[in-house]
Amino acid sequence: MSKKALLILAQQNYQDREYERTRAEMERGGLAVTVAAGEGGSSTGRFGGSVQGALPLKQVNVTDFDCIAFIGGPGAEAYVRHPEALRIAHEAVAADIPLGAICIAPLILAKARVLEGRKATVWDDGQGTQEAILTQAGAEVTGDSVTRDGCIVTANGAEASEEFGRTLLELTRS
8 MSKKALLILA QQNYQDREYE RTRAEMERGG LAVTVAAGEG GSSTGRFGGS VQGALPLKQV
68 NVTDFDCIAF IGGPGAEAYV RHPEALRIAH EAVAADIPLG AICIAPLILA KARVLEGRKA
128 TVWDDGQGTQ EAILTQAGAE VTGDSVTRDG CIVTANGAEA SEEFGRTLLE LTRS
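Numbering-wise (my numbering), the sequence shown opens with residue 8 and increments by one.
What the hints contain is simulated information worked out from the structure, not anything from laboratory work. Yeah, the Cβ is synthetic: ideal placement off N, Cα and C, and Gly gets one too. A hint or two may mislead.
Quick list of simulated restraints, FRET-style, between CB atoms [said to hold, decoys possible]:
1. P90 - A139: 19 to 25 angstroms
2. S57 - G157: 16 to 22 angstroms
3. G55 - Q143: 33 to 39 angstroms
4. R180 - T70: 14 to 20 angstroms
5. E34 - G135: 18 to 24 angstroms
6. G37 - Q66: 31 to 37 angstroms
Lysine-lysine pairs mimicking PhoX-like chemistry, simulated, CA-CA at most 25 angstroms apart [unchecked claim]:
7. K118 - K65
8. K10 - K65
9. K11 - K65
Based on the provided sequences and hints, a complete structural model is requested.
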């Protein structure tokens, strides 16, 4: 039976390249990918991409997946206070399921309080704003493109997408 990954997109304005490249790496490694988004249905990317048939977050059963990743983009910020997104992050960590977040999405993990005492990275606006949020949540910000700490993988943007996808894939094999 093939292993399954869940990629969580913002309903609007997810980062197209992060989604496409992360998904491609996971599928290349043999993972079956499911997509979830806020209310489900369709999601629209910041650069015009679209995904149909996304699972609503409230229907996500974390233990159905071998890894879960939040894709970034400006729309991902809506999940920082989204109770279902925070639930998914908590449940993944509690179940020791590899959990990833790329670009601005590590802010979701910070808000879910799953980065405390862990190393992490995040896209930053150049003012230190996003890095400060991770630090306030108890994370040690590395500034690296991709950071793995246990079963949590964070990445700082589209250029890190392939490595992000490969790192999560590796965790599904261990």
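Do the hints match the structure? See the list:
1. P90 - A139: 19 to 25 angstroms: Because 24 angstroms falls inside the window, the suggested range holds.
2. S57 - G157: 16 to 22 angstroms: About 34 angstroms separates the Cβ atoms of S57 and G157, which means 16 to 22 angstroms is violated.
3. G55 - Q143: 33 to 39 angstroms: At 34 angstroms between Cβs, range holds.
4. R180 - T70: 14 to 20 angstroms: Check passed, 18 angstroms falls within 14 to 20 angstroms.
5. E34 - G135: 18 to 24 angstroms: 35 angstroms, violated
6. G37 - Q66: 31 to 37 angstroms: Because 25 angstroms falls outside the window, the suggested range is violated.
7. K118 - K65: Status holds; Cα separation ~18 angstroms.
8. K10 - K65: 22 angstroms, holds
9. K11 - K65: Status holds; Cα separation ~18 angstroms.
Checked against the numbered hints above, the structure violates hints 2, 5 and 6; every other hint is satisfied.
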